[in-house]
Amino acid sequence: MAEVAAVVKPKPRPIIRIGLFLISYSFLVSIICCVAGVLALLLLPVLAKNTYISENALMPGSASPMLSSADASDGHMFLNKIMSQNSISINTGIEIPEMIGKHIIESGGEVNYHQFQPISDNFHPLQFFLGPDVGIVQENYSCTSYGINTVGIVRAPRGDGKEAIVIVTPYNSVKTTTSEALSLGVAYSVFSLLSRVSWLAKDIIWLAADSRHGEHAAVAAWLRDYYALSRADLEKSLDMCGPSSVLGLELTSVKTNGESNGFRRAGTMAAALVIKVADSSTGFEKDGLKIYAEASNGQMPNLDLINIVNYLAVHGQGLQVRVEKIWSLLDSWWLYSLGELQELLGKVAKSLNPGWKFGIPASDYVEGCATLANSLYNQALGVPTGPHGAFRDFQVDSITLEFSPRFSSSQRVLFLLHVGRLVEGVIRSVNNLLEKFHQSFFLYLLTSPSRFVSVGIYMIAFALLIAPLPLVAAALFSDASKSKSGKDEASLEPSQPGESIPTFTTWNWIRTAKTVLMVHLWGAIVTIIPYFLCRFPNSSPIASLLMWIASSLVWLFFICAASGSLSFSRASQLQIREWTLLKAVTVTAAFIGLCLMSVINYATAQIGALLLVPMCLMAVPLRIDLTAKTTKALLRGACNILLGFVGFPPTAFIMLKGALDSSDRIRLDDFWNWTESLRAWNSATYIYICMVHLPCWVLCIRILLHRR
Amino acid sequence: MEDRSTIGSWRNKLGFWKWAIASVFFRLILTYFSKNLNLSSRPEVSTPLTSLRRLAEGYWLKQLSMSPYSGSMYHGSPLLLSILGPLTVKKIGGLSGELLCSLVSLVADFISAILIRATGASLVRAYLHNWKSLGLDKLFKGNEVVPSGDVAALVYLWNPFTIVSCIGFNTSAIENMFVVMSLYGASAGLVPLAAFGWVVSLHLSLYPIVLVIPVVFLLGYGLDAPPRKLFVQSNLQGEEKRSACHAELKSMNDKFSKTNFSWWRVVIFFLWASVWTSYVVIMCAISMKEYGGLGEMFKRTYGFILAIEDLSPNIGVLWYFFAEVFDFFRNFFLIVFHVNILFMILPLAIRLNHRPCFLAFLYLAVSSMLKSYPSVGDSALYMSLLVLFVNELAEMQFTFFLFCGYVGISLLSPVMHNLWIWRGTGNANFYFATAIGYACFQIILVVESVSAMLNHDRKIRKLCNKV
Numbered sequence: 013m014a015e016v017a018a019v020v021k022p023k024p025r026p027i028i029r030i031g032l033f034l035i036s037y038s039f040l041v042s043i044i045c046c047v048a049g050v051l052a053l054l055l056l057p058v059l060a061k062n063t064y065i066s067e068n069a070l071m072p073g074s075a076s077p078m079l080s081s082a083d084a085s086d087g088h089m090f091l092n093k094i095m096s097q098n099s100i101s102i103n104t105g106i107e108i109p110e111m112i113g114k115h116i117i118e119s120g121g122e123v124n125y126h127q128f129q130p131i132s133d134n135f136h137p138l139q140f141f142l143g144p145d146v147g148i149v150q151e152n153y154s155c156t157s158y159g160i161n162t163v164g165i166v167r168a169p170r171g172d173g174k175e176a177i178v179i180v181t182p183y184n185s186v187k188t189t190t191s192e193a194l195s196l197g198v199a200y201s202v203f204s205l206l207s208r209v210s211w212l213a214k215d216i217i218w219l220a221a222d223s224r225h226g227e228h229a230a231v232a233a234w235l236r237d238y239y240a241l242s243r244a245d246l247e248k249s250l251d252m253c254g255p256s257s258v259l260g261l262e263l264t265s266v267k268t269n270g271e272s273n274g275f276r277r278a279g280t281m282a283a284a285l286v287i288k289v290a291d292s293s294t295g296f297e298k299d300g301l302k303i304y305a306e307a308s309n310g311q312m313p314n315l316d317l318i319n320i321v322n323y324l325a326v327h328g329q330g331l332q333v334r335v336e337k338i339w340s341l342l343d344s345w346w347l348y349s350l351g352e353l354q355e356l357l358g359k360v361a362k363s364l365n366p367g368w369k370f371g372i373p374a375s376d377y378v379e380g381c382a383t384l385a386n387s388l389y390n391q392a393l394g395v396p397t398g399p400h401g402a403f404r405d406f407q408v409d410s411i412t413l414e415f416s417p418r419f420s421s422s423q424r425v426l427f428l429l430h431v432g433r434l435v436e437g438v439i440r441s442v443n444n445l446l447e448k449f450h451q452s453f454f455l456y457l458l459t460s461p462s463r464f465v466s467v468g469i470y471m472i473a474f475a476l477l478i479a480p481l482p483l484v485a486a487a488l489f490s491d492a493s494k495s496k497s498g499k500d501e502a503s504l505e506p507s508q509p510g511e512s513i514p515t516f517t518t519w520n521w522i523r524t525a526k527t528v529l530m531v532h533l534w535g536a537i538v539t540i541i542p543y544f545l546c547r548f549p550n551s552s553p554i555a556s557l558l559m560w561i562a563s564s565l566v567w568l569f570f571i572c573a574a575s576g577s578l579s580f581s582r583a584s585q586l587q588i589r590e591w592t593l594l595k596a597v598t599v600t601a602a603f604i605g606l607c608l609m610s611v612i613n614y615a616t617a618q619i620g621a622l623l624l625v626p627m628c629l630m631a632v633p634l635r636i637d638l639t640a641k642t643t644k645a646l647l648r649g650a651c652n653i654l655l656g657f658v659g660f661p662p663t664a665f666i667m668l669k670g671a672l673d674s675s676d677r678i679r680l681d682d683f684w685n686w687t688e689s690l691r692a693w694n695s696a697t698y699i700y701i702c703m704v705h706l707p708c709w710v711l712c713i714r715i716l717l718h719r720r
Numbered sequence: 011m012e013d014r015s016t017i018g019s020w021r022n023k024l025g026f027w028k029w030a031i032a033s034v035f036f037r038l039i040l041t042y043f044s045k046n047l048n049l050s051s052r053p054e055v056s057t058p059l060t061s062l063r064r065l066a067e068g069y070w071l072k073q074l075s076m077s078p079y080s081g082s083m084y085h086g087s088p089l090l091l092s093i094l095g096p097l098t099v100k101k102i103g104g105l106s107g108e109l110l111c112s113l114v115s116l117v118a119d120f121i122s123a124i125l126i127r128a129t130g131a132s133l134v135r136a137y138l139h140n141w142k143s144l145g146l147d148k149l150f151k152g153n154e155v156v157p158s159g160d161v162a163a164l165v166y167l168w169n170p171f172t173i174v175s176c177i178g179f180n181t182s183a184i185e186n187m188f189v190v191m192s193l194y195g196a197s198a199g200l201v202p203l204a205a206f207g208w209v210v211s212l213h214l215s216l217y218p219i220v221l222v223i224p225v226v227f228l229l230g231y232g233l234d235a236p237p238r239k240l241f242v243q244s245n246l247q248g249e250e251k252r253s254a255c256h257a258e259l260k261s262m263n264d265k266f267s268k269t270n271f272s273w274w275r276v277v278i279f280f281l282w283a284s285v286w287t288s289y290v291v292i293m294c295a296i297s298m299k300e301y302g303g304l305g306e307m308f309k310r311t312y313g314f315i316l317a318i319e320d321l322s323p324n325i326g327v328l329w330y331f332f333a334e335v336f337d338f339f340r341n342f343f344l345i346v347f348h349v350n351i352l353f354m355i356l357p358l359a360i361r362l363n364h365r366p367c368f369l370a371f372l373y374l375a376v377s378s379m380l381k382s383y384p385s386v387g388d389s390a391l392y393m394s395l396l397v398l399f400v401n402e403l404a405e406m407q408f409t410f411f412l413f414c415g416y417v418g419i420s421l422l423s424p425v426m427h428n429l430w431i432w433r434g435t436g437n438a439n440f441y442f443a444t445a446i447g448y449a450c451f452q453i454i455l456v457v458e459s460v461s462a463m464l465n466h467d468r469k470i471r472k473l474c475n476k477v
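Protein sequences appear in the order of chains A and B.
Going from the first sequence to the numbering used here is simple: count from 1 and add 12.
Going from the second sequence to the numbering used here is simple: count from 1 and add 10.
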């Protein structure tokens with residue numbers, strides 16, 4: 013389009029001249045940009061910075077821990093009681109909550125039982141554009157299977173009751189394992205300490221979440237009620253179930269404190285820590301700590317929270333802190349050689365000028381890559397990696413701390429002491445906060461517990477990758493309009509007045525835009541088809557998948573027939589260069605979609621761009637390649653077919669899965685299960701696949717099959 | 011008659027009524043789901059001035075015999091309160107009050123579309139006639155003239171912005187209807203209607219006050235035409251050419267070929283305008299009698315618009331600026347920003363006085379860009395007015411770029427808002443960035459459309475010289 017401006021005016025403005033320059037070399041520019049984008053992505057572990065505690069008020073580790081070994085042995089006794097409780101009785105799931113409640117009251121806290129039923133998540137495709145809708149109390153509340161969360165609250169002696177810190181310990185109330193009991197022991201020892209201390213300025217909530225319906229469901233149900241449950245709702249749900257089950261329990265244990273059975277609240281939550289203990293021991297000589305931070309749709313807690321935990325764990329308690337990584341990448345030779353290459357470059361640069369410091373050891377690089385890949389993967393999936401994900405939906409920063417003890421059974425008291433001191437230190441730090449976490453980053457990727465890549469850096473990789481899209485779109489567009497206007501001028505130049513009549517050359521994109529819009533509309537239909545397929549309960553995944561594909565195809569043909577633009581039979585009617593316009597509009601649509609997705613969930617957009625950008629940029633009708641019969645053209649055609657094959661979402665999924673875990677047998681119905689889980693977790697990735705990736709793929713295939 | 015047939019073929023292809031009725035049904039369906047969409051709380055859709063929720067609040071206050079303006083909730087007209095107020099609380103056959111109000115918006119949208127269509131039809135007629143009277147009509151051999159009225163009306167009805175603001179429980183559809191009514195009245199020569207539309211739209215949202223210039227030009231000079239001196243030239247060149255003109259066009263012909271300004275109609279317009287103004291003022295005075303009188307009303311409506319008291323985020327650029335600016339500069343910048351609109355008026359009026367409808371489009375676009383509480387409803391109006399000139403703007407540049415920009419911004423802006431307000435990972439700058447982007451695209455749209463229009467005029471001049 014800028015090209016047209018150049019035709020009209022002999023000397024356009026400088027900014028347009030730069031644009032023209034870029035457009036005329038768009039092929040070269042796009043190759044350079046794409047390669048640079050991929051390189052920048054691979055260089056992210058090198059560019060990662062060390063974390064630092066940004067908020068001054070936190071002051072981690074400034075006070076010596078108060079948790080004594082007496083507290084730890086209290087916690088150990090509590091643990092033993094739970095284990096004995098677990099072994100002797102025929103468990104109905106009430107005994108342990110009751111015992112926890114008793115202990116909470118003994119240590120001076122307030123207790124409250126929260127009865128809940130897991131709510132099946134509804135799919136809201138519009139939630140990224142509109143606000144969330146919280147506080148839906150179920151209509152069909154049945155009393156058959158429920159869970160009981162035990163909530164203990166310490167009121168802060170120095171606080172005003174407006175803020176709170178949450179400790180969550182998920183456990184299965186029917187069958188409690190030793191590790192779950194350990195986490196309860198940790199929480200109890202910290203809780204009983206905190207009920208005595210005088211420095212507390214924020215209330216402490218201990219949520220012993222009943223995880224028999226899943227950890228996340230329990231925490232999410234409690235949070236939903238914490239924020240939205242009104243008294244009337246509570247009475248309604250209690251009335252429906254009658255005073256038999258939980259109410260009886262509550263009467264026995266809570267009456268002593270003279271409390272009513274309402275829902276107890278403290279203030280707004282400043283932070284939440286989910287404490288878990290891993291079943292297996294580490295095998296290292298130190299106790300291990302694994303941090304899980306990814307919440308739904310690539311949201312991360314404030315980096316400061318991770319920083320405090322990391323700082324206190326490493327410097328205070330001497331734990332070995334790790335974040336999850338993709339193990340299969342650790343052994344890959346190409347990554348290692350890449351790491352060696354950058355190390356070598358770093359050395360060369362350092363020998364040239366000692367001031368240039370980049371390059372990290374190759375093993376660090378590989379580890380960073382594996383961690384980064386896992387971070388990207390988890391964010392892209394949009395499924396939270398633990399119960400902490402529920403908090404992020406309410407803007408509460410939270411992480412899951414998974415401890416793995418060094419020895420399996422002995423020295424539990426020491427373990428409790430270490431972990432308890434760490435938790436106490438973190439709580440004390442958060443307690444110092446004057447306002448909610450805001451100082452540090454929310455948008456970042458971790459390459460190790462103490463290194464991170466901030467949004468300003470990782471966006472460069474993404475921006476480089478998608479920068480060719482608008483350029484190529486502009487080049488193609490100007491090509492299309494130039495060829496058309498050139499043709500007009502050539503035919504009309506002899507008959508003088510012809511150039512005068514307004515021809516709609518600059519509006520010729522409208523028909524193509526309609527096609528693209530229709531295909532994206534089809535994408536929206538494809539998005540909601542599974543919602544109806546789920547109504548048939550007893551269908552196997554493979555049948556559902558086939559039904560989905562078939563109905564999508566039917567809809568595609570229906571829409572094509574309705575719009576009359578995409579149908580393959582009438583393609584010959586289109587003008588010769590029509591496909592360039594179609595490609596221009598497709599590329600623009602992909603650009604808008606990717607930009608939008610990068611705001612919603614960066615990781616999805618990055619991974620999607622790696623697939624979508626080459627596919628969109630390469631797409632040229634196969635017929636042209638076949639008729640040209642040069643090596644280059646044939647190569648291009650082969651690339652196109654390959655990209656078209658890889659770009660189809662199910663094949664892309666299967667190939668990715670095969671690459672990541674080679675041990676598993678790969679089946680087609682995995683794809684359905686995968687999309688099902690994405691939908692259940694309300695992931696933006698699902699919407700991206702159906703409404704951006706799939707339509708663009710269809711349009712690219714349309715371009716490939718274009719008849720000259 | 012040949013022109014008629016070319017337009018007719020287009021018109022048949024378009025199927026105006028089919029699509030118009032389809033759009034009405036589409037709106038009805040969406041209205042049914044409006045509870046789930048919850049559009050009425052969107053900053054893009056309802057502003058403090060247009061929100062019907064606020065209107066319901068004001069109505070309640072009035073029912074409790076308090077001033078509807080107390081508590082800084084309602085800032086609209088008292089007349090709207092007494093017309094729409096009862097609807098917000100009434101329930102007819104299971105329909106809630108909000109649904110009734112969106113039915114009102116639907117009707118208003120439909121009327122606006124019909125009026126746009128009528129305006130466009132007369133514009134196309136004038137366009138063809140001008141070409142003929144300049145002796146250029148034989149250039150039309152192969153090309154068709156787009157029935158811009160039909161297209162513009164459909165664009166208005168199917169524009170996502172219009173649809174969203176129609177089901178978003180606000181009054182912008184009604185405001186738009188009066189603006190369009192005023193333009194239609196002026197272009198069809200119905201002076202009382204033009205005056206009525208202008209006065210009411212001025213009363214409702216203040217900014218249409220600048221439309222007085224295009225309306226006066228429309229009444230004085232007639233519909234959009236190429237520069238008048240071309241007609242003088244062609245008059246001198248060939249008087250006999252136009253003698254064969256159709257009888258129906260004769261009167262218009264006289265109207266256009268005359269270069270003088272018909273003061274008489276303008277005077278009548280101002281007479282009618284003063285009649286309607288006094289009527290509106292008296293009605294307002296009656297309804298505000300117990301609540302502080304007209305002074306209170308002016309302070310709470312126009313004062314609220316001009317002083318930009320509500321700094322809650324919207325798609326405009328002023329809220330951010332006035333949230334940042336120091337208090338002692340505030341008055342100065344208020345003046346600067348409002349004068350900004352006024353600065354544009356005079357040069358545009360001088361340069362484009364031969365195209366009053368286009369001038370009206372420009373004023374609406376500029377004011378919707380610099381307005382204190384803009385919403386997507388304003389954009390919907392000026393976009394469909396832009397389409398009225400599709401024949402003249404056939405060679406407009408950057409149309410695809412603008413289209414993509416509008417699509418991108420309108421998708422990105424809610425996401426940024428979500429990121430800021432609900433997810434808490436973004437901040438106000440994220441959202442404001444999209445607001446700036448939106449303003450830039452609007453500026454490019456205005457600049458490009460003006461330059462395309464001027465190029466069109468130049469081309470006609472060149473052609474006239476050739477012929």
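Hints are not guaranteed to be accurate.
Claimed, not checked - Mimicking DSBU-like on lysine-lysine, the simulated pairs with C-alpha atoms at most 35 Å apart in a straight line are:
id, chain 1, residue 1, chain 2, residue 2
1, A, LYS494, B, LYS45
2, A, LYS174, B, LYS142
3, A, LYS526, B, LYS45
4, A, LYS494, B, LYS142
5, A, LYS448, A, LYS526
6, B, LYS472, A, LYS448
Unchecked claim - For the chain B half of the interface with chain A, some residues (derived, Cβ under 10 Å), not all of them:
id, residue
7, GLY436
8, ALA438
9, ASN439
10, PHE442
Hints in this document: simulated from the structure, not taken from any laboratory.
Built from N, CA and C at the ideal position, the CB exists for glycine as well.
For each hint, the structure was consulted:
Taking the CA atoms of LYS494(A) and LYS45(B), the gap is near 48 Å; set against the 35 Å cutoff, the hint is violated. The straight-line distance between the Cα atoms of LYS174(A) and LYS142(B) is roughly 77 Å, outside the 35 Å bound, and the hint therefore fails. At roughly 30 Å between alpha-carbon atoms, LYS526(A) and LYS45(B) fall within 35 Å of each other, so this suggested pair holds. Between LYS494(A) and LYS142(B) the alpha-carbon distance is near 31 Å, which keeps this suggested pair within the 35 Å criterion.
Of the pairs offered as hints, the one joining LYS448(A) and LYS526(A) is violated, with about 47 Å between alpha carbons and a cut-off of 35 Å exceeded. Distance restraint check for LYS472(B) and LYS448(A): the Cα-Cα separation of roughly 67 Å exceeds the 35 Å cut-off, and the hinted pair is therefore not satisfied. Below 10 Å, beta-carbon pairs count as interface contacts, and GLY436(B) has one with chain A at about 8 Å; its hint therefore holds. Checking ALA438(B) against chain A by beta carbon gives a least distance of about 13 Å; that is not within 10 Å, so the hint is violated.
Checking ASN439(B) against chain A by beta carbon gives a least distance of about 13 Å; that is not within 10 Å, so the hint is violated. Contact between PHE442(B) and chain A, as hinted, is not supported at the beta carbon level, the nearest pair being about 14 Å apart and thus beyond 10 Å.
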